[in-house]
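Colleague: The chain contents come next:
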Amino acid sequence: DSGVTQTPKHLITATGQRVTLRCSPRSGDLSVYWYQQSLDQGLQFLIQYYNGEERAKGNILERFSAQQFPDLHSELNLSSLELGDSALYFCASSGSFGTGELFFGEGSRLTVL
Amino acid sequence: AQSVTQLGSHVSVSEGALVLLRCNYSSSVPPYLFWYVQYPNQGLQLLLKYTSAATLVKGINGFEAEFKKSETSFHLTKPSAHMSDAAEYFCAVTSNTGGFKTIFGAGTRLFVKA
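Residue numbers (our numbering), protein chains in the order written: chain A, 1 to 113; chain B, 1 to 114.
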């Protein structure tokens, strides 16, 4: 158990819809990262937050947005969903003074029909 | 910019044989390097990490990796494969340039034959 909790574990929705994925980082970790894993794209970095502030941005679509709340949990919002958004979405956290080591949740599997 | 290349999307070995998973990286600053493992229906977990101390790094489950700066490589090895090693392995590079941004390789799926 990594200590990172993601909900929901599975989500099935239709094209055009909007979903929210939630992540609670390990106790004490200030950084949260979101990754998308798909068969054709591999593991893609989406975005990083540190103590509520956006810190780094990767290949995140404009239809996607994220935020980190004062209690350090984070949400990834995916809107106007397309079939190609079907993927595993991982959240990871890391400590403030670590060496970049990431602790991953078990992921949220999104299926868009 | 950082990048990671894993040679071979699939590697198959016999139980008891040597495991060698290849990883080459590029980074404009001294990197932190990692190997993560992903078992089916699970998140990634850390196998080992290189953070500029010893170049030969030992990890969990008998795995180790050697950092070779001249070759920009960080290959993962295990002397004797076990059936339970069957999983997907990811090499990753992180540099502390405006936050710890970690880039992953495409992954190598390891199959272990009885």
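Source of the hints: derived by calculation from the structure; they are not laboratory data.
Computed from a prediction, not measured in an experiment: that's the story for all the values here.
Be careful, since some hints might not be right.
Said to hold, decoys possible - Within a straight-line C-alpha distance of at most 35 Å, the following computed DSBU-like cross-link-like pairs (lysine-lysine) qualify: (1) B/K49 x A/K9; (2) B/K58 x B/K68; (3) A/K9 x B/K101; (4) B/K113 x A/K9; (5) B/K113 x B/K58; (6) B/K101 x A/K57; (7) B/K58 x B/K69; (8) B/K69 x A/K9; (9) B/K113 x B/K68; (10) B/K69 x B/K101; (11) B/K49 x B/K101; (12) B/K113 x A/K57; (13) A/K9 x B/K58; (14) B/K68 x B/K49; (15) A/K57 x B/K58; (16) B/K101 x B/K68; (17) A/K57 x A/K9; (18) B/K101 x B/K58; (19) B/K113 x B/K69; (20) A/K9 x B/K68; (21) B/K69 x B/K49; (22) B/K113 x B/K49.
As the list claims (entries may be wrong) - Which chain A residues face chain B? A few, computed with CB under 7 Å, are given here: (23) P8; (24) G52; (25) E75; (26) F104.
The C-beta atom is built at its ideal place from N, Cα and C for all residues, glycine as well.
Colleague: Would you pick out the hints that fail for this structure and give their numbers low to high?
Modeller: 8, 12, 20, 23, 24, 25
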